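As a plain string of letters, each chain reads:
Protein chains: 2
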Amino acid sequence: MFTEYFLMSLEDIKKYVSKQIKGYENIDNLACTEIGDGNLNYVFRVVNNSTNQSVIVKQAGPQARISDSFLLSTDRNRIETEVLILEAEKTPDLVPVVYLYDEIMNCCIMEDLKDFQIMRKELIAGKKFLFFADQISTFMAENLMRTTDFILNPKEKKNYQKQFINPELCEITEELVFTEPFIDFKNQNILTPGNEEWIEKEFYEDEELHFKVAQLKQQFLTQGQALLHGDLHTGSIFINEKSIKVIDPEFAFYGPIGYDAGNIIANLTFAWSRFAVLRDDSFTDWAENTIRNTIQLFREKSLKILAESKEPFAKYETVLVTFVDKIIKDSISFAGLELSRRIIGLAKVADITTIEEIDHRIMAERLCLSIAKKCITDKEIIDIDHYLGLIREVKRELLLNGISNN
Amino acid sequence: MFTEYFLMSLEDIKKYVSKQIKGYENIDNLACTEIGDGNLNYVFRVVNNSTNQSVIVKQAGPQARISDSFLLSTDRNRIETEVLILEAEKTPDLVPVVYLYDEIMNCCIMEDLKDFQIMRKELIAGKKFLFFADQISTFMAENLMRTTDFILNPKEKKNYQKQFINPELCEITEELVFTEPFIDFKNQNILTPGNEEWIEKEFYEDEELHFKVAQLKQQFLTQGQALLHGDLHTGSIFINEKSIKVIDPEFAFYGPIGYDAGNIIANLTFAWSRFAVLRDDSFTDWAENTIRNTIQLFREKSLKILAESKEPFAKYETVLVTFVDKIIKDSISFAGLELSRRIIGLAKVADITTIEEIDHRIMAERLCLSIAKKCITDKEIIDIDHYLGLIREVKRELLLNGISNN
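If you read the sequences in order, they're chains A and B.
In this text, residue positions in the first sequence follow this note's numbering: the first is 1, and each later residue adds one.
In this text, residue positions in the second sequence follow this note's numbering: the first is 1, and each later residue adds one.
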């Protein structure tokens, strides 16, 4: 309806929604509030007071300071919306509905997930979700396996790969996840006092670790296996008593599948670590079971989807099993990277930062980082039972003996 | 100069060149002949009789039967020209100069390599080229390593990757190289009588071989390491007494570096195999030395280029050495695929097909295929000395004992 971009006011948003969305025609019934934390994106909720229905409008900020940066922003929003639409074809119940994407206004109108909460917050509050493993494994298997070369025909796959080349957001990951936590080259790591010396020795000075990280970074840079979510942590998942909705796929690109699965493993491990130091066995038991079930179900569902493949060599079960099991091995390595960067790097997770007692916080960090190093460097940890064995072993060891800097 | 595409006649071509290229203005001095074998592309030589200079005009045929097929053709020519221009920035002496690319006319004007011959023909005639290893290793190291993530910045790399997404031509390779030779699913393999039974047993029925091929196919489909030539065989190389010119990069895309290097190894091995059965030790010695020198020089030059990397982890020599040595290992595996598909599949090589004596031809094929299987399945053959050991061993064995079908 608008022919030129501008940043919409609350009144503009009401007018916009009334023109674009059925059931919102009467502008006098609409109420609009800004609910985002408004850095790059502005997020508005528009409620129709006569029906009590609501939608979300997400508009990219102008960022007109330099034109490059504006282009970045536009493309990020395009990618997010186009991925949500593709995911809705495969897992309609697990993503918000996109009602409209407007290339000119650089905004989209989508389902209001007002009955959902951010999963990370819920985990921090100690809530457990028995259905999570089943739903997230479906989300991953469906969206990841169905965008591989096993399922898409060669032209479709390459067209998606081209559509989702995402240089700007990949570069953020390449730096924040795959580089900075290990060498702090931009001096922007933030180490918790009490863990500094140990991190400097165990992370900044370990060349064997750096070598493995360099190889994982090459894999991330070069391996276009499937259309990833690209930022699949518990802050990108809305949840309630019945189901999840996965949001914010702005980091999406064709990458190594294990990166998404690894982020789920690592972020469940942050919550596990919080409750491990608080000695809440009921939560840690749930977290461990959920990590195992997520990966086991992901494996089963993936193999079932891959069995539909028209790739001639897919007739050999060993080809498919090797493919999926290598992804699971990768996911453990990538989990090690996420575990590292969220403790050492700029972007911390509230699961750890909101632990009140400093000794507990130091211990929780040490748990995550000890697990992280093993995930990255230990070749023997290749399946999810090895991973669970590892985290229990590290927990027993650290909680029994306390931390040391040697 | 033309605003709408049409297929140019000899007179149109003269007019076109006279308007576009300096030194060709006087149309009365120009002579034009079609020199291509004219399937999809029409290739014209335009000579200025007053200066004796000449240029080549390459125009894509209309293929207007179905529109998809026309789009394929257009993009293939765009990719070829754009890659030649990029290669000319890095290795100006080793590629033909592109004078003009015309998106509307779907044609380009380029340097006439009239003083050069197709290398495969020269090899078949038994000619040896002492400078070849040096020049082709420069071509590979410069064009491959300088398009990796080690050298390009993240945005440049991804923009090139997007620019050279090449679904149609990759699909040809995926089928002809990575699938058909091993399972003949389209019934278009052509087996030389005398080798049929053995190939059926050793290639069509060997599940272990299929498993390895499936993994190499996944690598080809997913690993975007560098901008490959994509079809780097001795028929894509012009040569004379002093230098080479690498042509026809229409298969270019971001793929695994070992694929290009492997094609060089395999195609030198075809010529080697021809002269092995003809018992010409002088040629086979040159070929073996050239294979070794090509890969050793490629390794050295690659490491030197990678030492310029601004990637933080590139400060570790072990990261770079591991990267290059893995590429060399890959190249041997990919050489096995090229060796297989050129003997078993549709696209034969004249090095073998022009061997007059049928027994010699069968033997040469058997040499190539025995080497191929080992390259694909034997994990121990990881460097070029192993490869040379292998081909000498296979040669000694087969020439001594003769072929058998067991």
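To be clear, the hints were calculated from the coordinates, so they are not data collected in a lab.
Accuracy of the hints is not assured; some may be wrong.
The list makes no distinction among identical chains, and a pair is therefore deemed to hold if it is satisfied within one copy or across any two copies.
As the list claims (entries may be wrong) - Calculated lysine-lysine pairs in the DSSO-like style (CA-CA distance at most 30 Å, straight line): (1) LYS114 <-> LYS201; (2) LYS186 <-> LYS127; (3) LYS348 <-> LYS155; (4) LYS127 <-> LYS395; (5) LYS326 <-> LYS155; (6) LYS22 <-> LYS127; (7) LYS201 <-> LYS121; (8) LYS121 <-> LYS58; (9) LYS162 <-> LYS127; (10) LYS22 <-> LYS90; (11) LYS128 <-> LYS162.
Please read all numbers here as calculations on a predicted model, not as lab measurements.
Discussion item. At most 30 Å between CA atoms: does that hold for LYS186 and LYS127 within a copy, between copies, both, or neither?
Written reply: neither (37 Å within a copy, 56 Å between copies)
Open item on the list: Cα distance capped at 30 Å. Does LYS127 pair with LYS395 within a copy, between copies, both, or neither?
Closed with: Within one copy only: 21 Å inside, 69 Å across.
message: With identical chains, the pair LYS114 and LYS201 could be close in the same copy or across copies; at 30 Å between alpha carbons, which is it: within, between, both, or neither?
response: neither (46 Å within a copy, 63 Å between copies)
Between copies, within a copy, both or neither: which fits LYS121 and LYS58 at Cα up to 30 Å?
within (22 Å within a copy, 63 Å between copies)
Intra/inter-copy verdict for LYS128 and LYS162 if alpha-carbon distance must be at most 30 Å
The answer is neither: 39 Å in one copy and 43 Å across copies each exceed 30 Å.
- Task: Could you place LYS22 and LYS90 in one of the four classes (within, between, both, neither) given a Cα distance threshold of 30 Å?
- Result: within (25 Å within a copy, 57 Å between copies)
Margin query: Please sort LYS201 with LYS121 into within, between, both or neither, judging by C-alpha distance up to 30 Å.
Written below: neither (32 Å within a copy, 60 Å between copies)
(request) Can you give me the call for LYS326 and LYS155, within, between, both or neither, at a CA distance of at most 30 Å? (result) The answer is both: 25 Å in one copy and 29 Å across copies each meet 30 Å.
Identical-chain pair category, LYS348 with LYS155, by Cα at 30 Å:
between (40 Å within a copy, 26 Å between copies)
- Measure nothing new, just compare the shortest in-copy and cross-copy C-alpha distances for LYS22 and LYS127 to 30 Å and report within, between, both or neither. neither (37 Å within a copy, 76 Å between copies)
| task | Up to 30 Å between alpha-carbons, please classify LYS162 paired with LYS127: within, between, both or neither. | result | neither (40 Å within a copy, 44 Å between copies)
Comparing the model with each earlier hint shows violations of hints 1, 2, 6, 7, 9, 11; every other hint is respected.
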